Amino acid sequence: MTGLQPTAGIHLGNYLGAIRSWVALQEKAESFFFLADLHALTVPQNPEQLNHKTLDCIAMLIACGIDPKKSHIFVQSQVAGHADLAWILGCMTPIGQLERMTQFKDKSARRGDDFIGVGLLYYPVLMAADILIYGANLVPVGDDQRQHVELARDLAVRFNGIHGNTFPVPEAFFPPNCARVMSLQNPTAKMSKSDPSQSGTIFLSDSEDVIRKKICSAMTDSGSEIRALDNKPGICNLLQILSGIVGKDVSELEKIHGGLQYGKFKEVVAEATVDAIGPICKKYFLLKDQKDFLLSIANEGRLAAQSRATEMVSKVKAKVGLL
1 MTGLQPTAGI HLGNYLGAIR SWVALQEKAE SFFFLADLHA LTVPQNPEQL NHKTLDCIAM
61 LIACGIDPKK SHIFVQSQVA GHADLAWILG CMTPIGQLER MTQFKDKSAR RGDDFIGVGL
121 LYYPVLMAAD ILIYGANLVP VGDDQRQHVE LARDLAVRFN GIHGNTFPVP EAFFPPNCAR
181 VMSLQNPTAK MSKSDPSQSG TIFLSDSEDV IRKKICSAMT DSGSEIRALD NKPGICNLLQ
241 ILSGIVGKDV SELEKIHGGL QYGKFKEVVA EATVDAIGPI CKKYFLLKDQ KDFLLSIANE
301 GRLAAQSRAT EMVSKVKAKV GLL
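Reading the sequence shown from the start, the letters are residues 1 to 323 in the working numbering.
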């Protein structure tokens, strides 16, 4: 079980760090992949755009290799029970534990004096409900979500201790050898869909020319060595991207490309990225306007998810004394 916020396009970091491993995992276990539109509401959204982006993300997940015949793809808000379970779990969550969440502290600090809604503080509880409502035992996440999975584990143990065995205690899954992709313009920060400089982010829907332009204008470092050194974050990032795409260790890539100038090395990374993303992009553009098809996929996923969610929420409500 894992999810993705449909707030903007899916980028190369999402793909190399997460979605590619989801494609492999769907061959090994029953898999639930959802669009976390309720989580998206922690910041103001344009309703029409959120609706459109949610369908776009379904198209992109399928283009990346998530197979609706093997996995359940659904929209979080269309399955009753997530918010119910989040409320019950929230009533047994210490507020101090939420206030200590790294992402809450970072995001609220970035907003400064701007409005900070309760949802920003509370969304790790909703994430715990997203996981526990399906009895998930494996949760593929990025390292930045480690604390949130720990909260889900804590709540499962706490609830089981009070009310008897109810929830499996989930394990976080961190894909082996996954590439940590940084911004092309600020290689000390993660590649992000919300990066003010969109030239630092490669979206899977970018054209081949745009991808080449972004990579060839990526920030590099002083010197001319193609080496993954601490004082060369730009080259480190390009090596990590190439490593993630071609499946070779960075040390091996240093030997292969060590004699190249920065400009030529960027061309190598750009062509490898275009080769990897090209087929995904083409399939996405074939699917993105097939609204009826995408809605049918979401509905099939909803039915499978709702059956599992209803069973768990009914069990939880009975155990806490709700009629």
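Hints listed in this document are in silico derivations from the structure and should not be mistaken for laboratory results. Any given hint could turn out to be false.
With a Cα cut of at most 30 Å, we get these calculated BS3-like pairs of lysine-lysine [what the hints assert, rightly or not]:
#, residue 1, residue 2
1, Lys248, Lys232
2, Lys264, Lys28
3, Lys190, Lys264
4, Lys193, Lys282
5, Lys264, Lys70
6, Lys282, Lys28
7, Lys213, Lys193
8, Lys105, Lys70
9, Lys190, Lys105
10, Lys69, Lys264
11, Lys232, Lys193
12, Lys28, Lys107
13, Lys282, Lys70
14, Lys190, Lys213
15, Lys193, Lys264
16, Lys69, Lys232
17, Lys213, Lys69
18, Lys264, Lys248
19, Lys107, Lys193
20, Lys213, Lys255
21, Lys291, Lys105
22, Lys190, Lys255
23, Lys193, Lys291
24, Lys69, Lys315
25, Lys283, Lys28
26, Lys255, Lys69
27, Lys213, Lys105
28, Lys28, Lys70
29, Lys190, Lys248
30, Lys70, Lys213
31, Lys70, Lys232
32, Lys264, Lys232
33, Lys315, Lys190
34, Lys232, Lys255
35, Lys283, Lys193
36, Lys282, Lys264
37, Lys70, Lys315
Nothing here was measured: the structure is a model prediction, and the numbers come from that model.
Hint-by-hint comparison with the structure:
1. Lys248 / Lys232: holds (20 Å)
2. Lys264 / Lys28: Cα-Cα ~40 Å, so violated.
3. Lys190 / Lys264: Judged against 30 Å, a Cα distance of about 24 Å means the pair holds.
4. Lys193 / Lys282: holds (20 Å)
5. Lys264 / Lys70: Status violated; Cα separation ~41 Å.
6. Lys282 / Lys28: holds (27 Å)
7. Lys213 / Lys193: holds (18 Å)
8. Lys105 / Lys70: Status violated; Cα separation ~38 Å.
9. Lys190 / Lys105: The given pair, whose Cα atoms are some 17 Å apart, holds under the 30 Å limit.
10. Lys69 / Lys264: Roughly 42 Å separates the two Cα atoms, so the pair is violated.
11. Lys232 / Lys193: holds (24 Å)
12. Lys28 / Lys107: violated (35 Å)
13. Lys282 / Lys70: holds (22 Å)
14. Lys190 / Lys213: Cα-Cα ~19 Å, so holds.
15. Lys193 / Lys264: holds (27 Å)
16. Lys69 / Lys232: violated (44 Å)
17. Lys213 / Lys69: violated (37 Å)
18. Lys264 / Lys248: OK: lysine 264 and lysine 248 at ~19 Å, within 30 Å.
19. Lys107 / Lys193: holds (15 Å)
20. Lys213 / Lys255: Within the cut-off at roughly 25 Å; holds.
21. Lys291 / Lys105: Cα-Cα ~38 Å, so violated.
22. Lys190 / Lys255: The hint holds at about 26 Å.
23. Lys193 / Lys291: holds (24 Å)
24. Lys69 / Lys315: Cα-Cα ~29 Å, so holds.
25. Lys283 / Lys28: holds (24 Å)
26. Lys255 / Lys69: The hint is violated at about 42 Å.
27. Lys213 / Lys105: Violated, at about 35 Å.
28. Lys28 / Lys70: holds (10 Å)
29. Lys190 / Lys248: Holds, at about 21 Å.
30. Lys70 / Lys213: violated (36 Å)
31. Lys70 / Lys232: violated (42 Å)
32. Lys264 / Lys232: holds (17 Å)
33. Lys315 / Lys190: Distance ~40 Å between lysine 315 and lysine 190 Cα, so the pair is violated.
34. Lys232 / Lys255: Roughly 17 Å separates the two Cα atoms, so the pair holds.
35. Lys283 / Lys193: holds (21 Å)
36. Lys282 / Lys264: Within the cut-off at roughly 27 Å; holds.
37. Lys70 / Lys315: Distance ~27 Å between lysine 70 and lysine 315 Cα, so the pair holds.
When each numbered hint is compared with the structure, violations occur for hints 2, 5, 8, 10, 12, 16, 17, 21, 26, 27, 30, 31 and 33.
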